[in-house]
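Place chain B on chain A using the hints.
2 protein chains.
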Amino acid sequence: MKKNIIVGQSGGPTAVINASLYGVIKAGLERPEEIGSVYGMVNGIEGFMQDRYMNLSAKLNEEELEILKQTPAAYLGSCRYKLPEDLSDPFYPVIFQKLEQLQIGYFFYIGGNDSMDTVSKLSRYAAANGSEIRFIGIPKTIDNDLIHTDHTPGYGSAAKYVAATVREIALDASVYQQKAVTIVELMGRHAGWLTAASVLARKEVGDNPLLVYLPEADFDLEQFALDVKAALDQQPNVVVCVSEGISDKDGTFICEYGSAAQTDSFGHKMLTGSGKVLEAFIRNRYGVKVRSVELNVSQRCSGMVVSMTDIEEAAEAGRAGVAAALKGSTGQMIAFRRKDGETYELECVTEDVNLICNQEKKFPTEWITKNGTDIGPEFWDYALPLIRGEAKRKMKDGLPVYLYRK
Amino acid sequence: MKKNIIVGQSGGPTAVINASLYGVIKAGLERPEEIGSVYGMVNGIEGFMQDRYMNLSAKLNEEELEILKQTPAAYLGSCRYKLPEDLSDPFYPVIFQKLEQLQIGYFFYIGGNDSMDTVSKLSRYAAANGSEIRFIGIPKTIDNDLIHTDHTPGYGSAAKYVAATVREIALDASVYQQKAVTIVELMGRHAGWLTAASVLARKEVGDNPLLVYLPEADFDLEQFALDVKAALDQQPNVVVCVSEGISDKDGTFICEYGSAAQTDSFGHKMLTGSGKVLEAFIRNRYGVKVRSVELNVSQRCSGMVVSMTDIEEAAEAGRAGVAAALKGSTGQMIAFRRKDGETYELECVTEDVNLICNQEKKFPTEWITKNGTDIGPEFWDYALPLIRGEAKRKMKDGLPVYLYRK
Numbered sequence: 511m512k513k514n515i516i517v518g519q520s521g522g523p524t525a526v527i528n529a530s531l532y533g534v535i536k537a538g539l540e541r542p543e544e545i546g547s548v549y550g551m552v553n554g555i556e557g558f559m560q561d562r563y564m565n566l567s568a569k570l571n572e573e574e575l576e577i578l579k580q581t582p583a584a585y586l587g588s589c590r591y592k593l594p595e596d597l598s599d600p601f602y603p604v605i606f607q608k609l610e611q612l613q614i615g616y617f618f619y620i621g622g623n624d625s626m627d628t629v630s631k632l633s634r635y636a637a638a639n640g641s642e643i644r645f646i647g648i649p650k651t652i653d654n655d656l657i658h659t660d661h662t663p664g665y666g667s668a669a670k671y672v673a674a675t676v677r678e679i680a681l682d683a684s685v686y687q688q689k690a691v692t693i694v695e696l697m698g699r700h701a702g703w704l705t706a707a708s709v710l711a712r713k714e715v716g717d718n719p720l721l722v723y724l725p726e727a728d729f730d731l732e733q734f735a736l737d738v739k740a741a742l743d744q745q746p747n748v749v750v751c752v753s754e755g756i757s758d759k760d761g762t763f764i765c766e767y768g769s770a771a772q773t774d775s776f777g778h779k780m781l782t783g784s785g786k787v788l789e790a791f792i793r794n795r796y797g798v799k800v801r802s803v804e805l806n807v808s809q810r811c812s813g814m815v816v817s818m819t820d821i822e823e824a825a826e827a828g829r830a831g832v833a834a835a836l837k838g839s840t841g842q843m844i845a846f847r848r849k850d851g852e853t854y855e856l857e858c859v860t861e862d863v864n865l866i867c868n869q870e871k872k873f874p875t876e877w878i879t880k881n882g883t884d885i886g887p888e889f890w891d892y893a894l895p896l897i898r899g900e901a902k903r904k905m906k907d908g909l910p911v912y913l914y915r916k
Numbered sequence: 511m512k513k514n515i516i517v518g519q520s521g522g523p524t525a526v527i528n529a530s531l532y533g534v535i536k537a538g539l540e541r542p543e544e545i546g547s548v549y550g551m552v553n554g555i556e557g558f559m560q561d562r563y564m565n566l567s568a569k570l571n572e573e574e575l576e577i578l579k580q581t582p583a584a585y586l587g588s589c590r591y592k593l594p595e596d597l598s599d600p601f602y603p604v605i606f607q608k609l610e611q612l613q614i615g616y617f618f619y620i621g622g623n624d625s626m627d628t629v630s631k632l633s634r635y636a637a638a639n640g641s642e643i644r645f646i647g648i649p650k651t652i653d654n655d656l657i658h659t660d661h662t663p664g665y666g667s668a669a670k671y672v673a674a675t676v677r678e679i680a681l682d683a684s685v686y687q688q689k690a691v692t693i694v695e696l697m698g699r700h701a702g703w704l705t706a707a708s709v710l711a712r713k714e715v716g717d718n719p720l721l722v723y724l725p726e727a728d729f730d731l732e733q734f735a736l737d738v739k740a741a742l743d744q745q746p747n748v749v750v751c752v753s754e755g756i757s758d759k760d761g762t763f764i765c766e767y768g769s770a771a772q773t774d775s776f777g778h779k780m781l782t783g784s785g786k787v788l789e790a791f792i793r794n795r796y797g798v799k800v801r802s803v804e805l806n807v808s809q810r811c812s813g814m815v816v817s818m819t820d821i822e823e824a825a826e827a828g829r830a831g832v833a834a835a836l837k838g839s840t841g842q843m844i845a846f847r848r849k850d851g852e853t854y855e856l857e858c859v860t861e862d863v864n865l866i867c868n869q870e871k872k873f874p875t876e877w878i879t880k881n882g883t884d885i886g887p888e889f890w891d892y893a894l895p896l897i898r899g900e901a902k903r904k905m906k907d908g909l910p911v912y913l914y915r916k
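So the protein sequences, as listed, match chains A and B. Numbering-wise, the first sequence is residues 511 to 916 according to this note's numbering. Numbering-wise, the second sequence is residues 511 to 916 according to this note's numbering.
You can trust all of the hints, since none of them are fake.
No distinction is drawn between identical chains; accordingly, a pair holds when it is met within one copy or between any pair of copies.
Computed cross-link-like contacts, EDC-like style, restricted to lysine to aspartate or glutamate with a CA-CA straight-line distance of at most 20 Å:
no. : residue 1 : residue 2
1   : LYS904    : GLU714
2   : LYS799    : GLU732
3   : LYS786    : GLU766
4   : LYS713    : GLU574
5   : LYS906    : ASP717
No lab work stands behind these hints: they were computed from the structure.
Chain A on its own, in the form it takes in the complex (with noise of 0.2 Å):
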């Protein structure tokens, strides 16, 4: 008997999460014998607990399906929503009778750890009390800190970004004959994997930035200072790339000398101002012209300047969620598995979302290279095919063509 399919995206935006959208629409219309309709939540879990979603499979046609798989941010809309850690609370029956009312067979959440958890609260109540509702994560997060996948969707466009755009700031920066010092923040509470994309902007050995700093090793204002010391020695303009996430050996975050922490809905610090911090501190100390530019969200949401590698793969991994789901999976995440070989190939396969939920992949200490200043060609090696191709952007009077729910 035919089911119907409902998707929501939560979390941070991403460039591709509405790729893997169209990846989960797409295979559900492809498949009309067992999918009968694409549900949408819209604002994720939160909103549809509020009876707010639309069906997709009715609303959306063909161009403005294509449309949607190049349209940054998310098109359903998104949320931070964490559910009840009790099964026995009253939202599980309240949720799932909302879902049996809309003869939901299949649910697919595209998001990061957050999301990957209310995937598996879902999925452990339906087996607990014999629902046959089969729930699947869709990876996204620009951070890369999902375990047990090589890497996220998202993160390659992020990663794509920031080397580009690093890349035009080192030449910005390096027109004055003057010594100066550009302090640039990147994304990244606890992972590095964003700041150590920036290394990707060199065109050569040597080229800036010539110090990049991640939130996994330990943070020292003194040798810092003495590195920037080094740095400008070497030629006037020095980039550093850090991370909004960096904390001294005690575990204070950088960002803390400077300005008061909040912290969101899920327990997290919410970092600013690691860059603004070393800016003053630097020109305190040297007396040198120093600027600090951040990023911000640019980084998770250009469209601009986007890796149609992670587009496809984005796609990919959407697909990849309903036919798994068909199959019979539950509880699972979808993950990517690079191959052996000279050639990036990729496959997706899936994994238990209870052993991913709730977990962070740091970046590898051992790419941490010159006493936790720069990254090693492991790196290069793996992020390289991330970024690679561009994307045929749909273009209106010089700007962007994107796709918004109405």
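Below, chain B without anything else, positioned relative to chain A:
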């Protein structure tokens, strides 16, 4: 008798200042009967006084010239160097001797207000001292604040970057249900042209950015609070675009409420942080989620989001400069005149550089609407043609290929 060309770049980088350099070099190469070599000053007039220059026509091949045309920032390097006001200063005989030694007949300086001041002084010294060297200014600034020209090369690409990026930031800001304010701070010390470009981000009337504040209108914190509240009553996600240079009715820069201001060598106030000041103000006032985003240097140095119209016009300005100089012009700046008629057409003319230097073209106050919070339709007609057209970028391994001075 054959003479040589020397060309320099001065002031802040733009996405197309190298396209103007390309235009000068190409035009020089096309007139072998009149032009010997095309020299480039390294780091502008400051570097040239240190005998730092290069032979561009001998050094760059056809392929390198095409890459140069699409390379952001300043290939030759730049400077901020103010020539002595007193034309009897020993500086002048020294530099003219250097120019004569190189058999320079034609001097081109690509830059903004301050660079035109350099062209003015050198051309006046030449006239007063019987030198036949001809001095021509090629306009360049993302600020679009040069008078006697329809617009300036560099503005179109910066405006396109701002419009595209604000459109994406608005998309990113719209994914959550919770009320939130995003404040985007844009470049423009005293002229609001670039901040005005943020309204082009709207796909339809009533879209974000809902509020736009330019330096040309007095900024009032209490009125701002009321504007934001009214906007939040309209929709949950409000994007506000402000110029770095907004100031209150007493002329105090809003950023000064929060941070100390520094001064550059031209006496300009170096502004940062109006966005941060307003972020804290609104958060404290209303307790809503507020984020501020400073677009920073990518506005002027992004090569990934550029206007092909801007690139071609910048190259044409360089060519027109050479043509004007060979016809006998000196002490002139190349200016753009928009032809009347339905379709956008531009012609290059020459204007007296002495009337242009050290002047600022403000954004027309009659184009500022809704009590200083929006921009009128005249601006769309003015700006849309300037951001059209996509550059075919040369990419390698997923990253842009640029030309670097060796």
